[in-house]
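Sequence lines, in order, name chains A and B. When you line the first sequence up against the numbering used here, it's residues 1 to 65, in that order. When you line the second sequence up against the numbering used here, it's residues 1 to 263, in that order.
Please note that the accuracy of each hint is not assured.
What the hints assert, rightly or not - Restraint ranges, calculated between C-beta atoms of paired labels, are given here:
(1) Thr2(A) x Asn236(B): 20 to 28 Å
(2) Arg5(A) x Thr70(B): 31 to 39 Å
(3) Arg5(A) x Asp67(B): 49 to 57 Å
Stated by the list, open to error - Derived DSS-like pairs (lysine-lysine); straight-line CA-CA distance at most 30 Å:
(4) Lys35(B) x Lys36(A)
(5) Lys29(A) x Lys167(B)
(6) Lys167(B) x Lys37(A)
(7) Lys223(B) x Lys29(A)
(8) Lys223(B) x Lys21(A)
(9) Lys47(A) x Lys223(B)
(10) Lys223(B) x Lys48(A)
(11) Lys167(B) x Lys21(A)
(12) Lys17(A) x Lys167(B)
(13) Lys135(B) x Lys11(A)
(14) Lys21(A) x Lys35(B)
(15) Lys29(A) x Lys256(B)
To be clear, the hints were calculated from the coordinates, so they are not data collected in a lab. Backbone N, C-alpha and C fix where the C-beta goes; we use that ideal spot for every residue, glycine too.
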Amino acid sequence: MTNVRISNKGKILLKNKRLSKLVLRAIGKNGDALNKKDGLTVVVGSKKLTLKNASSANDKVVVEK
Amino acid sequence: MNIALSAVLLFILLIPGFALYNGLFVGSFSKPGPKLSLVEALLGTGIFSLTIHAIALLVLHQPVRFDILTRLLGGDLKDFDKLVGNNEFKIYILHFTAYNLTINVVCFLLGRFCRLLIQANLWDVRFSLLRLHNKWWYLFNGYYLDELGRPGDRGNYDLIIVDALVKSGSEFIIYSGYLIDFVCEGELLERIYLQSPERRFLQHPDQEQPADQVFQEDIYSLKADIFCLNYSEILNFTIRFITSPETIEEVEDVSKAEDSLDN
Numbered sequence: 001m002t003n004v005r006i007s008n009k010g011k012i013l014l015k016n017k018r019l020s021k022l023v024l025r026a027i028g029k030n031g032d033a034l035n036k037k038d039g040l041t042v043v044v045g046s047k048k049l050t051l052k053n054a055s056s057a058n059d060k061v062v063v064e065k
Numbered sequence: 001m002n003i004a005l006s007a008v009l010l011f012i013l014l015i016p017g018f019a020l021y022n023g024l025f026v027g028s029f030s031k032p033g034p035k036l037s038l039v040e041a042l043l044g045t046g047i048f049s050l051t052i053h054a055i056a057l058l059v060l061h062q063p064v065r066f067d068i069l070t071r072l073l074g075g076d077l078k079d080f081d082k083l084v085g086n087n088e089f090k091i092y093i094l095h096f097t098a099y100n101l102t103i104n105v106v107c108f109l110l111g112r113f114c115r116l117l118i119q120a121n122l123w124d125v126r127f128s129l130l131r132l133h134n135k136w137w138y139l140f141n142g143y144y145l146d147e148l149g150r151p152g153d154r155g156n157y158d159l160i161i162v163d164a165l166v167k168s169g170s171e172f173i174i175y176s177g178y179l180i181d182f183v184c185e186g187e188l189l190e191r192i193y194l195q196s197p198e199r200r201f202l203q204h205p206d207q208e209q210p211a212d213q214v215f216q217e218d219i220y221s222l223k224a225d226i227f228c229l230n231y232s233e234i235l236n237f238t239i240r241f242i243t244s245p246e247t248i249e250e251v252e253d254v255s256k257a258e259d260s261l262d263n
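Throw the hints in and build the complete structure from the sequences for me.
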């Protein structure tokens with residue numbers, strides 16, 4: 001039960017505590033990258049996750065319905 | 001003269017106004033109601049309720065025993081038994097109850113319908129008069145980004161990160177974490193809840209450290225699932241609304257990849 005609207009993608013990230021800590025550390029370390037066009041890339045093993053700041057993203061934000 | 005009876009009856013007749021107000025404005029994180037005196041509130045709802053009863057009378061086309069109603073409203077029960085019989089009065093009471101129940105339910109549902117209409121058209125964001133929630137609710141759900149004409153859909157971001165500055169003794173501490181919930185009392189924010197909380201000390205201006213540079217060794221995980229931070233202790237805080245272009249499946253893959261790394 002939360003009063004903050006978080007997408008399902010966000011809920012998946014928050015559910016994995018270690019991954020959420022990893023993402024938070026990456027943002028804390030290089031937060032400026034969030035405002036860049038390519039965003040901040042977090043590499044997890046062979047996979048990667050791109051994060052962008054919603055208020056400065058140049059492309060249209062795709063939002064789950 | 002029975003004043004209590006007339007007061008109760010008057011209150012019952014004024015309920016439609018309250019029912020509509022409740023349907024429209026009462027909900028989670030609703031904005032505080034206008035500060036009105038009892039007389040102002042009664043007058044406000046009285047005008048609306050009178051209109052509703054007038055419409056109902058036009059629609060119903062049923063004879064109304066105003067003679068009984070006015071006697072009861074006036075609290076004058078003298079020779080009341082001669083005006084209406086016991087069985088007849090029972091029927092009138094049942095009709096009066098059914099009428100009021102229907103009117104009140106319809107007004108409440110009308111309020112709810114208007115609420116949905118306002119939310120669907122974002123009128124609560126555009127017009128302050130129609131604002132449904134308190135201002136913190138709009139802030140934490142990213143509505144201000146839309147107001148500023150920036151990209152993003154209303155209130156549906158992937159992650160919301162808060163960095164809160166707190167003073168502890170002579171030290172300034174920044175608490176960071178994912179905002180997962182908050183508690184308000186009216187328009188006042190009481191506390192926020194952060195997941196995966198981390199803490200770091202803000203460097204003194206004399207110690208040269210670029211603003212965008214954070215040393216990993218400075219960051220200390222609070223080793224807690226959820227951190228509750230009282231707003232009264234916060235000097236100021238920043239909010240970041242984060243989105244990810246990846247699909248849900250891709251994010252799930254990343255989550256699984258992280259799990260497999262640990263194993």
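Task: Violations among the numbered hints, reported as their numbers in ascending order - done: 2, 4, 6 and 14
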